[in-house]
Structures are given as C-alpha cells and as structure tokens.
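So you can see what is in the structure, the chains are spelled out below.
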Amino acid sequence: MTTAVAPSLISGIYQGRIVNTRFWLYVGLMAGAMALAFFGGNGYDEDGYLQRLLSMQGVIWGGVGAILGVAASFLVGGSTQPGRSSPAVVGTVPWFDGLLVMLLLMALFTQLEPHSSLVSYEDQSNLVSGKIVMAMNLLFLFSAVCYIMHLFAPESFIGKMATMAAWGGVYAGGTSLLLRWYESYLFLDGEIGHAPVSNLYEVFILLFCITSSLYLTFERRYQAKALGAFVMVLVSGGVFFGVWLDSIGQADIKPLVPALQSYWMKIHVPLNFVGYGAFAVACAAGLAWLFRDRLERKGSSPLLKVFPSLDQLDQLAYRSVAIGFPAFTLATILGAAWAAEAWGGYWSWDPKETWALIVWLFYGAYLHVRISHGWSGKTLAWWAVVGFLVTLFCFVGVNMYLSGLHSYGRLA
Amino acid sequence: MSQLYKSIKPFLLRFASMPLAIVLLMVLAIASMIGTVLLQNQDQTDYLTQFGPVWYWVFRSLGLFDMYHAWWFIGLLGFLMVSLSFCLWHNAPRMLKEMRSRKITLADHAWKRMQHTHELTVSGNDIEAVAEKAEQISGWQWLSYREEGRTYLRGDKGRYHKWGYILVHSALLVVLIGGWMSVQFGFRGNMAVPEGGMESQISYVKGTGVESLDMPFEVRCNNFIINFFPTGAPKEFRSNLTIIDQGKEVLTSDIIVNEPLYYKGVRIYQASFGDGGSKVGLKLFRLDGSKRVDVAEGEVYKTYTDAESGVSMEITDFKPFNVENMAAPGQAKQFQDIGPAVDFILRGPGLKPVKVRSFMNPFMVDGQNQGSLIMVSLSGDNRDFQSFFLGPDLTNPKEWQLFHAFSEKSGGIEAGGGVEAFKAAVSEIYGDKRPEDFKDLGIRTLQGMNTLSGLPWPFIPVLDDYEQVYYTGLQLAQDPGMNVVWIGSALLTFGLCIMLYVSHRKVWLVIEAQDKGMRIRVAGLANRNLVAFDGEFNELLRELDDNLGLSNQGESV
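One line per chain: the protein sequences are E and P, in this order.
Take any residue in the first sequence, count from 1 to its spot, add 1055: that is its number in our numbering.
Take any residue in the second sequence, count from 1 to its spot, add 111: that is its number in our numbering.
Errors might be hidden in some of the hints.
[Claimed, not checked] To give a feel for the contact side, a few chain E residues facing chain P, derived at Cβ under 8 Å:
| hint | residue |
| --- | --- |
| 1 | 1172 |
| 2 | 1317 |
| 3 | 1377 |
| 4 | 1381 |
| 5 | 1397 |
| 6 | 1416 |
| 7 | 1424 |
Honestly, the hints are just simulated from the structure, not real lab data.
Backbone N, C-alpha and C fix where the C-beta goes; we use that ideal spot for every residue, glycine too.
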C-alpha cells in the first residue's frame, strides 16, 4: 500500500517544475556560498569559512543566491512537463538532495556533541563523528554480507536490505565528514578548522561514499544488483583499512600544513575521489565479468541467473570509466592550477603528479581500445581491474612508499 | 600529388594508427614510473654511494637522475605529439566532412541496421502538411527531401559529437606545446634572501649541475615570520618583500604559501626558510681549573676561533625552537620544545672534529632540572646526534662555582664522604640558606664530576644569547607556456565531455502516399547510450502523434 504511494511521491519531486526550480535553487545557493568565500569580508579565509557560512552573513549571501537561482529557473524556463526535464537537471538534483539531507543530519548530530568543557584536542575520542563512522563501517560491512547472500537468494528481502544498508552507510559517511568539519572548530578556539578532506582517513570515508553512491545509482538504473557484492567487498576492504588508520591514531583532526590552506583543496580533492570511486566501480564490474566468465565456462550455475550478462557488465565498466575519466582529468588539471599557485609551477614531476599521469594514460588507453578499436570482453575486464590497482597505488601507495610534495598525505 | 608524398603516405598513416597510440601511452606510463621510484635530482655523491660506480655511470648516461628532462623522455613526448598530429591530420577532415554531410534519403536495405523502426498510417494525402508538422518537433535538426509521392525527413541530435575527438586530440597537442614553451622560454629557480638582505639571482638544477640566472630586479626581504598553531605546528610562513627595480622601490608586499607575488611576468613564491646569519653569543666555560667564563660572539655561517686554545667553531645553524619527542621508545609520542640551540663543528689541535648542538636552557623534565645539555654527533650527521648531560645547570653561575668548590673539597675526601664534601661546598657557595632543589643539585653536581672531567675540550661552549635572523627561501618562476596549458586543459575537459557523453542520434521519417491515406515509417539510430535513446525515440513518436493529432495507430516493429 505504502509502496504504491511512495514511488509516485518520489518520482513526483523529480519531475517538471519542481525539479527544475530545485536545480536552480541549488545552483544559486552554491554560487552564493562561493561568492561569500571570495567577496564577503576580506577575501577567502580558511579558518572562518564554515562559521561565516553558518552565520547571518552566510544566510544573507546564500539566500540572495537562492532567490536569484529561483528567478533564473523562471527565466531559463525549461520543460515543466513531467518526464521532460533535461537529463543534466534530473541527473544532478538527487545528488544535491542527498547532500542536503546529510547537512540536516549533521545539524541534528551537532546537538549531541559533548559539552565544550569535555572537548579536547588531545583526546578526540568523545566526538560524535567517530561514532557515526563506526555506524558507517558496520553498515557497509553488513551491506557487503547481504549483497553476497543476495547472490544465492535473489528473490528474498536480503537484496533490499543490502541496498538499504549501503545507502545508510553513504549517509552515515557523508554526515560524519560534515560533522568532522564542524568539530574541527570546536577546539583550540577554532583555529585549526578546515574541510574534512585533509588526510588519508577522511578521504577514505569520502571514497567509500562516492564509490557506493555511484554503484547504487547504477543499481537503480541498470538493475545490476549482483555487482553490489563486488563493489561492497571492495568498500569493506577499505573499511578495514580505515579502522586500522584509526587504531594507529590517524583519525584525529590535526591542523593543516600551510601548503594545504587553500580553497583549491575543497575542489581538487573531492573531484579526484569522484575519479577514484568511479574507477573502483569499474574494477568491480571487471571482477564480476571475470567471475561470470568463469562460471559460464564451468557450465550452468544458479548464479548465472542473478548476474547481469557479460555484455552488460562490460557496459557498466565502461560507463564508470566514462564518469571517472573526465572527473579525474579535471581534478588533475585543477591540481595543476593549484600547484601553479602554491609550488611555483603547474607540473613538477612530483611522484603523486606522475602517478596521476600514469593512471590517466592507463585509462586513456582503455578508452582508446574500447571506443576506437572496438575491443571488449576479457582484456578490458582485466584492464579495469589492473587500472584500479594502479589507481590504488597512486592514491595510497605513493603516500606510503614514495616521498614528494604530496607528503602530507603520509602516515606520520 | 608528388611521388614523394605517395611513397611516404603509408608510413605517415602508421603514425595515425591505433595500436601505435596505445603502445605509446603504455610506454610513457611505464617510463614515468621509473622517475617516481628513483629519486630525482639528488646529490650526485648520494647516487654514487647508493648504486656503486658501474650502475651510477649506466644510470647517469641514461639520464635517469633527471629523467623527465632526458633526451629519450623528451623524445617520447615528441613522438606523442607527432602521433597526435597525424591522428588529427588523418581523421579530422573526414570527421568534419561526415558531420557536414547528412544523407537524407534512406535506402530500403539500410532499415535493417536501425535500432528502432516504427510504422503508422494517417488519413489524408497532403504529404507536405504532414512533413511540415513533423518538422516542428523541437530538439531535432531537421532536413527534408522531396521525391515523387514520397518525402524524407531526417532529424539529428548531437551531430557535432565528433568534435569531441578533434577537441581532445588537439587539446593534448596544445597542452604539450604549452609545456614545451614553459621549458623553452620559462625559468624556475630558488633564491635565499636573509632578513634585511637583497638578492637578484636565482639558482636551479640543470642536469647534474647547478646554474644561476639574473633577475631583472632585486628582492629585499624586510622580515620573515612563522606563526604557529596552538599545537605547535607551523600555521603560516610569511615574508614581507620589497621589489627594487633599477634602484627604485616599486612594490612592497607580504607573501605566504599559496599566495605568490607577481611582478614583471615573474611569480615569487614562498618556498622555504632557514637561518640567515643569526648572531649568537656563547659562554665558554674553561675546563683548565681556572673557573673562568669567557664570551664568544659568533654568527651563523661564520667560524669563531678561540685565540687562547686555538679551537675553532664553525657555526652552521641556529634554531629558536627544537621540538623533540620526549616519550620513551614505544610510548605514544610526546613532543616538547627544548628551546634555542646552536649547531657548530668543533675543531682543534689534537681534537677529533665533531658536530655539537648546544642548548641555551637547561633540560627540564616535569619541572625537574636535569642540567645543561649538549648533543654531539661524531659523524657530523644530524641524525647521529647523541644527548650529553653536562651536569650543572650552567645558566646559573652559582652552580659553576659549586662544581669547582665541590671538586676541590672532594679531592681529599674518600668515596662515601662525598656527601659531607658536597654539604660543605654548598654552604660555601650558598651560605646558610640551602637551595630548594638541594637533592637535584647534588645529582647534577655529581654528574658534572663524571662528565666534565672526561671532556677532551678546553672549554664547554654553551649558548647564552642570540639575535635571530631568518632567510626566506623564495622560488621565482616565469612561465610563458602556462596560459597555453590552461587553454589546452579547458579544451580537453570540454572535448572529453562531448566525446564521452554526447551521442549522435539520427532519426528518419519517410512519408509516402499509399492506397488509403499515407504511410509514415520512422527509423532511429544512435551511436551510444542506447537506453536513453529508447526513451527519446518513444518520445519522438508521442510528439509525432500529438502534432499530427493522432491517437496511436501505429505498431512498433
């Protein structure tokens, strides 16, 4: 009964005038927040940005942006009929909605923070974000288990539980990151406040969220639930790494080194992780391809019915790369722009830069063989898997094994 | 076309071929890895000790120590440029032509290739009117062709998608050209400007050597400061600089990391800092039994020579903060600042040269005074510094006196009588009023008896006062290729989006008269994202129905 109502309600807010106006509202809000960063007060100020955003000043700048955005939505027009909105609008609005929900959750959880007299820089274990990260870890692990069980019992409710747990993990992760941003202002008179994309622990949470949400979008659009077992197992591997990082004291909020005190960090890092996350999903699709291929050659297996076809998996891997590659390209370019501002040159052949180039060349070659050469199948499945290993080295390996200008991502 | 062109054409086409591009990309990727594993632009002697003479020369002749500027790596990039150029030369004209030429008619055998076909019948016989109405469907670029009793309509979406390919490949070429311009016409180097000093020359590593370059202006560093977070971590490195052009002060500004200064096409970045010749005063506690304390005034990067003993101190560095891990091994790290220290190399007749770090303050642990501290490195390497507790707190003149009083008195007294001697020495120096940390004082003095007598030096050098001068390490760069790279980058991103997301969708409508009314055949073809195209095709059919005022009479095939 409720199931019949809910989809129509949900699809209702993703159609026509409602989705169009909301899209421009979000665009306006973001423009307002960015304008505040650059033109409000004395230019950009890392330490005080979040506070200003949440103060009256932020309400005014954001509000003006939102009003202008809504006005723009009427000017630009766009289709008001259901099912006719531009794919760009329909594609982006749900992501903004999710972000808004995370923001609201964050606001809610700030109320549960310990009293300011109990908050200390030396011992950050009583902060709420840590507990939400714990919840995220459990949800992702639980989701992975459910997805695997779903392979063997495709008709049961377990599949639904897997999806729900994964979504829960995404929201928990996103909320915990936003909460960390808030918490970074709680001690030392707010002097060390900064966006939660500054160390390995934080970007790992970001990576889980991006990987999972990309996959979940695919799951909804292409009915490829068997892929979830592979994606969530990859994410679970990351969860264990995150727990280990926490156990060696890498989860603490620490002040930013001068090189990282730039608005570029907030753009460059998340965009990079859109790339990494998409490559992770591509890797999972590649693994699923190889797994199914093995099953097929062994003969009939009940699992074959659950799995998408080889062709579909191949498509999914390509689609992920097609999302990840432009994002990664842009992230690398913006990284170069940042380097030109901080290090004296857009390209220094620093190990991280060079490995980013290697990843880029690797996936560039992937797209070449696929688009222009028409390759598909086993080679490309392997290519996606190996490509992610290269990505992983670029992401973690460089920080752990090689020195260079990106050394702040290092394990201290 | 000339004979020459004909004979080299197959060769040229090879450049444009796909496998070559893939191989080239992979070779570049693998080659790039080498330079990340092998540290670049290090000291040549380090390489020599690391690899031994044979491999050192092999690596050196391959340019592996500066491999991103080695001839073969540049050659690979050049090869990539050649390959890109020929790809464009080979494909772009064809693609442009394809985008322009749109075949409106559709042969019968071509229907088999279509992803979607649909057929419907409408009443009436005015083909023109139907075609006009169909052409009003928005979102498609329509072309029409009329034949006897039959009209073809062709609609296109994303017709320009091949621009994606052209843009991406020419963008890469632009980026590479920009990079070449940066290297060819730009420069990037470092200068160290002491506070109050001026500099107009940068130096940079080229190949295995260091070269320098004159700037068209001078940079003066007015001051340099470091701001700290409450945690003790550095928060900001800030230099106040003045640019002096032909003797005139033209610009004064602060720079910090992430906020460079721009003058005459040169960007000036905050890159590092160090000691710029701080003045340090050391007290020399004579160990010849004379109880004398002399003062040595030195300066970082200069050598102070003690005339009396002939011992020299080459002062190498000064730091006002020395944060050290005070926790026992295996415990959670606990950092503590143990105050200012000066580094110098101590040489003298009959002495083994050693590196010494002398601290200004006595070493305190949990409020307990452990006496003056120096560190000694026998190898001269900073990593080999070992702590050396001298005993007395030499910042307190009384303890120096006490040490001497005690050593005189204990000289005659047997072991075990040390306590009596110490008490006597204390009352000699301090009078009746015993110092509060009497017990610690005893430990320190006793420690002094053990260590100071074992020192081979004629004096103990202890940092007494200082006047700090920093130098600011600046990086200066001029990059005429940078904007070219940004243009290329923008084109690249834009082109990639077109290439990966825009699909070329084509639909055909064939309207023809038949016995009763008209027959409309619709066909659709897309080169990617077929799922979305399914929806679009159905949408087109729906709009067609709307425009023609039909209820659905057709049937999908």
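Against the structure, the hints come out as follows:
1. 1172: violated (17 Å)
2. 1317: Constraint on residue 1317 of chain E satisfied, holds at 4 Å.
3. 1377: holds (4 Å)
4. 1381: holds (4 Å)
5. 1397: holds (5 Å)
6. 1416: This hint holds: residue 1416 of chain E lies near chain P, its Cβ roughly 4 Å from the closest one there, short of 8 Å.
7. 1424: holds (6 Å)
The structure shown violates just one earlier hint, number 1.
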